[in-house]
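There are 2 protein chains.
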Amino acid sequence: MRLRAVFFDLDQTLFPAEQAYRRGLRSAWRALREREPVGWERFQSLYARARQRVKARLKSSPSARSRLLYFKQLVEDLSGRPRPALVLAMMRAYDRAWPAADLGASRRVAAALAGSYTLGILTNLVCDTQLRKMLRLDPDGRLFRVLITSEELGVEKPQRAMFREACRRAGCRPGEALMVGDDWEHDVLGSLRAGLRAVWLRPPGSPERRLPAGAARIDHLSELPAVLGGAP
Amino acid sequence: MRLRAVFFDLDQTLFPAEQAYRRGLRSAWRALREREPVGWERFQSLYARARQRVKARLKSSPSARSRLLYFKQLVEDLSGRPRPALVLAMMRAYDRAWPAADLGASRRVAAALAGSYTLGILTNLVCDTQLRKMLRLDPDGRLFRVLITSEELGVEKPQRAMFREACRRAGCRPGEALMVGDDWEHDVLGSLRAGLRAVWLRPPGSPERRLPAGAARIDHLSELPAVLGGAP
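Protein sequence lines correspond, in order, to chains A and B.
Just so we're aligned, residue 1 is where the first sequence starts under our numbering, counting upward by one.
Just so we're aligned, residue 1001 is where the second sequence starts under our numbering, counting upward by one.
Be a bit skeptical, because a hint or two may be false.
What the hints assert, rightly or not - Partial selection, computed: residues in chain B whose CB lies under 8 angstroms from chain A:
1) K1055
2) R1057
3) R1083
4) L1125
5) C1127
6) D1128
7) D1140
8) R1145
Everything labelled a hint here was simulated from the structure, so no lab data went into it.
It should be emphasised that the depicted structure is a prediction, and the values quoted were computed from it without experimental measurement.
The beta-carbon is built from N, C-alpha and C at its ideal position, and this holds for glycine as well.
Please take these sequences and the hints and turn them into a complete structure.
As structure tokens, then:
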């Protein structure tokens, strides 16, 4: 079947989120340190604990990934009371710091494919954060015509509904779509189970895997056009 | 049993949210109109439809109340594609416009009670929005020592877990706490079922109701200290 739509995971696929978030976290810490004498090591352990508590409470809800909730929990753990001004100041510092990222390769690949395929983004995170990333990658939706965050759909990858909704919005059948992502379970197995094809963007240093039918592997995003060019 | 904690609903109890949101909505519309020729009447109907679609999809998830999701849906309905820059511009305009509100009475009541009781806020909404309101009402958590949004707890009023968690954080038993709110089902019946007492802040013009045991009624927040003063 002819390929009509190509969907991408956002974090660690098109957007180098881990580096970006590390920058954001240091910036949030600096905002906290203006009011409380907390060193970087201690901040990191407070943050890890707050994150863990929020995740344990919210399980697979998209809000379990909300940095704002982590900061609120951290501040409450530290101060024994809510401090809205401090939490929002940390969040502002975080949001100002992280969006800097080199997106040249991602933009080039998207531009190369946008003429031939409907492009989309399928991502498990809160809408606000992902829109801020898209602001840098494709602010007016000229390249990516579909953008679905798990928060707005109420389901996450690898659930089938996420991929099926993307196909519905792209106006194609699952067999006419392909998902590109770094997460084996979410992006590769999830999309294959929903009837799409998949390209696994292997994270640096991760072990090799046996590819199921319908799946291909690349090591760099820049290899994607060649892989698609060779697809039937 | 002696009363030790008083919890408040936020919207329409301490914060005149409806007026505030109307201001925010007009501001979001102006941000849209800078790029798209959409009149106010049409905007309102697009917004209502987008809101309804998000709510239908997300049901009782806290994100079902997210204005950002409404704006994203509205823009996609209007343009047929995601436009991250426009959605975020609308959200910024909205967030800048709505916080203006007269909080004098709310602050006075809270200040009058904070010496005698542990005060808290129990609200069904996303954390970001409610922190922005608290930024105006009590930015450093000096009056309200407990602040729980449904987003961070993963459950909503009238569920018992919401009230029980508030008591846990306030360090009191349910019988030692009282909930004040305008919503009969969420605030009054929910808190009574969880073993708290309740004060119903009757919304202007709403019909009289028979008060269950453990509940009282006021028409203005300023009546609260007198009602509590008379409590055993």
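Hint-by-hint comparison with the structure:
Among the interface hints, the one on K1055/B is violated; its C-beta lies about 11 angstroms from the nearest C-beta in chain A, farther than the 8 angstroms criterion. For the restraint placing R1057/B at the interface with chain A, the shortest Cβ-Cβ distance is roughly 6 angstroms, inside the 8 angstroms limit, so the hint holds. A hinted interface residue such as R1083/B counts as satisfied when its beta carbon comes closer than 8 angstroms to some beta carbon of chain A; here the least separation is about 5 angstroms, so the hint holds. Annotation: L1125/B was flagged as interfacial toward chain A, and the flag is violated, the nearest CB pair being 12 angstroms apart, outside 8 angstroms.
At its closest, the beta carbon of C1127/B sits 6 angstroms from a beta carbon of chain A; the interface hint therefore holds under the 8 angstroms criterion. Taking 8 angstroms as the C-beta cut-off, the interface hint given for D1128/B holds, the closest approach to chain A being about 6 angstroms. Satisfaction of the interface hint for D1140/B is found here, the shortest Cβ-Cβ separation to chain A being roughly 6 angstroms, below the 8 angstroms cut-off. Contact between R1145/B and chain A, as hinted, is supported at the beta carbon level, the nearest pair being about 5 angstroms apart and thus within 8 angstroms.
Of the numbered hints stated above, those contradicted by the structure are hints 1 and 4, listed in ascending order.
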